[in-house]
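Asks: Here is how the chains run, residue by residue.
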Amino acid sequence: MTTHTPLPAAADDDVRPDATEQGQDGGTRRSSSRWLYVVLGVGLLAMALPFVWMVLSSVKPEAEVRSIPPTWLPETYTLENYRELFDRLRFPTYFLNSAIVAVVVTAGNLVFGSMLGYALAKLDFRGKRVVFALVLGTLMVPGMVTFVPLFVLVSNMGLTNTFPGLILPYLVGPLGVFLMRQYFLGLPDELIQAARVDGAGELRIFWSVMLPLTGPALATLGILTFLSSWNNFLWPLVVAQTEDMYTLPVALALYSVGQNATQYGLLLAGAVVVVVPVIVLFLAVQRYFVQGIAMTGIK
Amino acid sequence: MTTATTAPASRPTPAGGSPGGRRRTLLQRRQTRTAWLLALPFLLLFAAFTAGPVFASLLMSFTDMRSTDVRTPFAVDLAAFDNYMALFQDALFRKVAVNTAIFVLVGVPLTMVLALAAAVGLNNITRLRAFFRLGYYLPVVTSIVAVSVVWRFLLQPDTGPVNQLLGAVGIGGPDWLGDPALALPSLIVMAAWRNLGTLMVIFLAGLQTVPRELLEAAEVDGAGRWQRFRHVTLPLLRPTLLFGAVITGIGYLQFFEEPFVMTNGGPLNATRSVSFYIYDQFSFGNYGYAAAASYVLFLAIVVLTAIQFRVLRPKA
Numbered sequence: 001m002t003t004h005t006p007l008p009a010a011a012d013d014d015v016r017p018d019a020t021e022q023g024q025d026g027g028t029r030r031s032s033s034r035w036l037y038v039v040l041g042v043g044l045l046a047m048a049l050p051f052v053w054m055v056l057s058s059v060k061p062e063a064e065v066r067s068i069p070p071t072w073l074p075e076t077y078t079l080e081n082y083r084e085l086f087d088r089l090r091f092p093t094y095f096l097n098s099a100i101v102a103v104v105v106t107a108g109n110l111v112f113g114s115m116l117g118y119a120l121a122k123l124d125f126r127g128k129r130v131v132f133a134l135v136l137g138t139l140m141v142p143g144m145v146t147f148v149p150l151f152v153l154v155s156n157m158g159l160t161n162t163f164p165g166l167i168l169p170y171l172v173g174p175l176g177v178f179l180m181r182q183y184f185l186g187l188p189d190e191l192i193q194a195a196r197v198d199g200a201g202e203l204r205i206f207w208s209v210m211l212p213l214t215g216p217a218l219a220t221l222g223i224l225t226f227l228s229s230w231n232n233f234l235w236p237l238v239v240a241q242t243e244d245m246y247t248l249p250v251a252l253a254l255y256s257v258g259q260n261a262t263q264y265g266l267l268l269a270g271a272v273v274v275v276v277p278v279i280v281l282f283l284a285v286q287r288y289f290v291q292g293i294a295m296t297g298i299k
Numbered sequence: 001m002t003t004a005t006t007a008p009a010s011r012p013t014p015a016g017g018s019p020g021g022r023r024r025t026l027l028q029r030r031q032t033r034t035a036w037l038l039a040l041p042f043l044l045l046f047a048a049f050t051a052g053p054v055f056a057s058l059l060m061s062f063t064d065m066r067s068t069d070v071r072t073p074f075a076v077d078l079a080a081f082d083n084y085m086a087l088f089q090d091a092l093f094r095k096v097a098v099n100t101a102i103f104v105l106v107g108v109p110l111t112m113v114l115a116l117a118a119a120v121g122l123n124n125i126t127r128l129r130a131f132f133r134l135g136y137y138l139p140v141v142t143s144i145v146a147v148s149v150v151w152r153f154l155l156q157p158d159t160g161p162v163n164q165l166l167g168a169v170g171i172g173g174p175d176w177l178g179d180p181a182l183a184l185p186s187l188i189v190m191a192a193w194r195n196l197g198t199l200m201v202i203f204l205a206g207l208q209t210v211p212r213e214l215l216e217a218a219e220v221d222g223a224g225r226w227q228r229f230r231h232v233t234l235p236l237l238r239p240t241l242l243f244g245a246v247i248t249g250i251g252y253l254q255f256f257e258e259p260f261v262m263t264n265g266g267p268l269n270a271t272r273s274v275s276f277y278i279y280d281q282f283s284f285g286n287y288g289y290a291a292a293a294s295y296v297l298f299l300a301i302v303v304l305t306a307i308q309f310r311v312l313r314p315k316a
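Residue numbers (this note's numbering), protein chains in the order written: chain G, 1 to 299; chain Z, 1 to 316.
So here's chain G without its partners, still in its complex pose (with noise of 0.2 Å):
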């Protein structure tokens, strides 16, 4: 839940013969590899009809969302469901509220990870090793250990039911500090030691030289922290009090708990609009996936 998703890594072009049926015959082969695409494939499905089901049911009118048996293909299509999400209630602000957080959050981690990331991999002052340690520890802490403490001090702060009260909390993390540190301790030492013999101070050094090498790192940071902040559900639903401050998952769940709790054609076509936009999000940048991976070391 809370912690970083892991990267799909293995890459694509390191496809391995098939180990493990050597010696035996080609048909013995072929016909055990079938059986292996056959049960891959029924998981397949099982991982994916739920999708289906989601966007499919989403077109269709309430009743037939009812209908015993349901039904798979809809009967009547119709964008009911979305009019009523996006006039009746406030999807739009919602949209645009978890759109927000999730590149202002994605943004930070960016930047203030790739700073201090750059220090630890490549400046040496006293006090590193404490400093990386201390970070790296609150990788285990768990949102719900701090949050009581952090509303107390949001609220203190007057920043409840607002952008900041979002955004603050989740500005930097333990994981951007520990990719870009990894990734910049790949990066020669050599192309720093040039830039200091032509006169560059070490801030330009770091954010005219080093900075734009880092690439594939801040895209995999990237998506993983955007993907987090949009899914993320605890901390918006404690700070965002009135609707208008709602973001995506608070409304879709409070919806699905409140006085729409038995719309099911509205709620589902409500999740469309939570999971769609980052599942096509995912699939256009998941290459940059298998280069991070490969180049920042974690496997």
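Be a bit skeptical, because a hint or two may be false.
[Unchecked claim] Heads up, incomplete: computed chain Z residues facing chain G, CB under 10 Å, no partners named:
1) L59
2) V140
3) V149
4) V150
5) H231
6) L253
7) Q308
8) F309
9) V311
10) L312
I should point out that these hints are in silico values taken from the structure, not numbers from a laboratory. We put the beta carbon where it would ideally sit given N, CA and C, even for glycine.
Starting from the known structure of chain G, arrange chain Z on it as the hints suggest.
Replies: For chain Z alone, coordinates are given in the frame of chain G:
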């Protein structure tokens, strides 16, 4: 945490290398200044919003702080261990602790077995591997709230497709989320479904580091497919399995969205989790008490992780 071992904690003289003592000191001083300049924004935010609250939570757990004390957090009374005592005397807390333990003890092995099976399967195919990997991974990127909404409807006794499919093979499906004996297992299965992609990707990467020569040598020695897996692959996979067990355990100990959306903790508190309990106590305004419960959860996470390290660490 886990991957920290992949690189040395610090390098002796990174990018230094220039001769001459005086220039070195100058360079070092410049580096120190730059380093703290770069570190400062992170460390300030981190101290205020992460490290600070970790300690504040511990302190709060020894007070009788309530929501009415929010403006005067330092004027609360010390309550020593009262919160912790009350916690363990509360039958509901014991119930949610047991529920959470079941969720972890059943959910983690289930997720790991499914993920390992998928990883081994993918490791033995060549065509379409990337496609399958993507498909199995997809639920991981989706919101737990959203998939909980979907699964709540999938599991409806009359209108849900799960029971429809069961009916097609002649099985009368029960009321999954309405039956106190089945609700928690249903949530566990859903959690395994959503999270197995994470572990599958990690396990697949681990499987690809198993040296082929070892497997071939075992085969020459007459080891069957299962024996090779059991005695060659699995032992080599121990660190990977440990990592998977730890991150899954930490996540499952905090399960919250699933019962919040699907069952509201019911029926008869059968799916109420420790996190749900903490959230409820917070909503009631019992901040000190909620903080105590959250520290018990934190402690459970630390203990579980320590146990997993003992059980699964590579044998010397």
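Asks: Going back to the hint list, which numbers does this structure go against?
Replies: Hints 5, 7, 8, 9 and 10 not satisfied by this model.
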